[in-house]
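*Asks:* Protein chains in written order, with our numbering: chain A, 1 to 114; chain B, 115 to 230.
Hints may contain errors.
Listed next, the stretches of chain B that the computed footprint assigns to chain A, with coverage defined by at least 3 CB atoms under 8 Å from CB atoms of chain A [stated by the list, open to error]:
hint	segment
1	127 to 140
2	218 to 227
What follows is a list of derived Cβ distance ranges for each label pair [to be verified]:
hint	chain 1	residue 1	chain 2	residue 2	range
3	A	S28	B	F209	20 to 28 Å
4	A	E15	B	G172	48 to 56 Å
5	B	K171	A	N3	17 to 25 Å
6	B	G154	A	S97	47 to 55 Å
FYI, nobody ran anything at the bench for these hints, they're computed from the structure. In this text the structure is predicted, and so the values were computed from the model without any measurement. We treat Cβ as the ideally placed atom computed from N, Cα and C, and that holds for glycine.
Okay, here's what each chain looks like letter by letter:
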Amino acid sequence: GENVEQHPSTLSVQEGDSAVIKCTYSDSASNYFPWYKQELGKGPQLIIDIRSNVGEKKDQRIAVTLNKTAKHFSLHITETQPEDSAVYFCAASSSTSGTYKYIFGTGTRLKVLA
Amino acid sequence: KAGVTQTPRYLIKTRGQQVTLSCSPISGHRSVSWYQQTPGQGLQFLFEYFSETQRNKGNFPGRFSGRQFSNSRSEMNVSTLELGDSALYLCASSFSRTGGAYNEQFFGPGTRLTVL
Numbered sequence: 001g002e003n004v005e006q007h008p009s010t011l012s013v014q015e016g017d018s019a020v021i022k023c024t025y026s027d028s029a030s031n032y033f034p035w036y037k038q039e040l041g042k043g044p045q046l047i048i049d050i051r052s053n054v055g056e057k058k059d060q061r062i063a064v065t066l067n068k069t070a071k072h073f074s075l076h077i078t079e080t081q082p083e084d085s086a087v088y089f090c091a092a093s094s095s096t097s098g099t100y101k102y103i104f105g106t107g108t109r110l111k112v113l114a
Numbered sequence: 115k116a117g118v119t120q121t122p123r124y125l126i127k128t129r130g131q132q133v134t135l136s137c138s139p140i141s142g143h144r145s146v147s148w149y150q151q152t153p154g155q156g157l158q159f160l161f162e163y164f165s166e167t168q169r170n171k172g173n174f175p176g177r178f179s180g181r182q183f184s185n186s187r188s189e190m191n192v193s194t195l196e197l198g199d200s201a202l203y204l205c206a207s208s209f210s211r212t213g214g215a216y217n218e219q220f221f222g223p224g225t226r227l228t229v230l
């Protein structure tokens, strides 16, 4: 079946460094790729998303890139701060006849060391 | 605009009991999806409701059921609880534009269910 692979599962970076999380999807019908940040005791929060007709999107310190040919998409966080520490999930979504399907990656635990 | 709310936030039940969880979506959103989150399995899709009808269903046993009311609020029920049902249950709300190609989902804080 369809799946989304996410790497790495854990990532530790020094404050101020960059962090990159990568995802690979299998369903070629996927056309929407959101990223979520989940802090301890909270639900996932949508932080950025990208649609299949766009190759890159940036919002302040975070950016997402999409390579449809390779079925890869990545999250880039620059100038990391301690408050960026959380679990990050990628997802790939497709739509069929007005219904939407989401497949989530297994998550990356990011630790930003002060 | 208020976010997605879920009640209760924490529940402790024993095996064999049943439980009902509630979700109120963002005002104006018509779709509610439910997910089970566990450390080993990640986020697993349970089902989605749109206009009081179940529109999508994941691969969970029939012990897991749900419904949606006319005000878009949704409830999820788990009967005959098993130890393996211990998890964080998340509700996600979306507007779900008719014929839209994309569908942003916004999650609630979740209900932490512990089955003893």
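*Asks:* Does each hint hold? Answer for all of them.
*Replies:* Now the hints, each set against the structure:
{"no.": "1", "hint": "127 to 140", "result": "violated (count 0)"}
{"no.": "2", "hint": "218 to 227", "result": "holds (count 7)"}
{"no.": "3", "hint": "A/S28 to B/F209: 20 to 28 Å", "result": "26 Å, holds"}
{"no.": "4", "hint": "A/E15 to B/G172: 48 to 56 Å", "result": "39 Å, violated"}
{"no.": "5", "hint": "B/K171 to A/N3: 17 to 25 Å", "result": "18 Å, holds"}
{"no.": "6", "hint": "B/G154 to A/S97: 47 to 55 Å", "result": "33 Å, violated"}
The structure does not agree with the numbered hints 1, 4 and 6 stated previously, though it agrees with the rest.
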